[in-house]
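Just need the whole structure built from these sequences, with the hints factored in.
As a plain string of letters, each chain reads:
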Amino acid sequence: MNIKSLSTISRDIDMAAILAYAEITGDFNPIHVDPAFAATTAMGGVIAHGTLSARWRPGHGGWRVAP
Amino acid sequence: MSGPQPGGNPDACGGEPPVLTFDRFVVGKSYGSLTEAPDAALVGHWRGLYPQDEFPADCAPPAMATVLMMRAYMHLLSPRPPGNIHARQQMTLGAPIRLGDSVSTEVECVGKELRRERRYVTVRARGTNQHGVACFDGVLTLIWAA
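So the sequences go chain by chain: P and H. Each residue of the first sequence is one higher than the last, beginning at 238 in our numbering. Each residue of the second sequence is one higher than the last, beginning at 323 in our numbering.
Hints listed in this document are in silico derivations from the structure and should not be mistaken for laboratory results. Source: prediction; values computed, not measured. We treat Cβ as the ideally placed atom computed from N, Cα and C, and that holds for glycine. Be a bit skeptical, because a hint or two may be false.
Some, not all, of what chain P presents toward chain H, calculated at C-beta under 7 Å [what the hints assert, rightly or not]:
#, residue
1, 261
2, 278
3, 287
Rendered as structure tokens:
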């Protein structure tokens, strides 16, 4: 197996980022945006959207561009 | 936008469709497609979230594939029970999405499984541009709340 080392990207996730991502995707699942509801779930509180961290590297950034 | 009403299973009398519970998912069923044209405003919202992102000026950022996948998922698989959680996700990128492209995202249920008292639903979202060229192919596995 060819394992490639990738660079690390970090970002602090706060409620503002979660709400901004909810606006972009339309995903207002209460487990992301409603602290009272989220507290009643197995997560115990608000969690970020699973795809919030989905980003790719700069440049063409992951698109497959024809040579 | 094209395809069936959100949820793909509207009430026969034209009322609100029933909540799309785990039991209602049909493996192999297409839940329709959502067609959208990512524009500068949507990219602007993305830049607000990730201002350091770099990508060609005439293109949407690659992560826009995930955004379009989620928007189609939200629109087509509705109404959902509250509290679903993403367990896994996979995304394969294809042709770049350019600003003004018309991207149709088809959402299909490709699996469901009850495991350790958790309801796992797997959906596939495939996006193609106005030329029929594949832009992305995403697979989401969710823990369905009800």
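Have a go at the residue 261 (chain P) hint: is there a Cβ in chain H nearer than 7 Å to its own Cβ?
The hint holds - residue 261 (chain P) has a Cβ within 7 Å of chain H, the shortest such distance being about 5 Å.
With 7 Å as the cut and Cβ atoms as the points, is residue 278 (chain P) at the interface with chain H?
For residue 278 (chain P), the interface hint holds, since the closest Cβ of chain H sits about 5 Å away, which is under 7 Å.
Interface hint for residue 287 (chain P), Cβ within 7 Å of any Cβ on chain H:
3 Å, holds
Taken one by one, the earlier hints all hold for this structure without exception.
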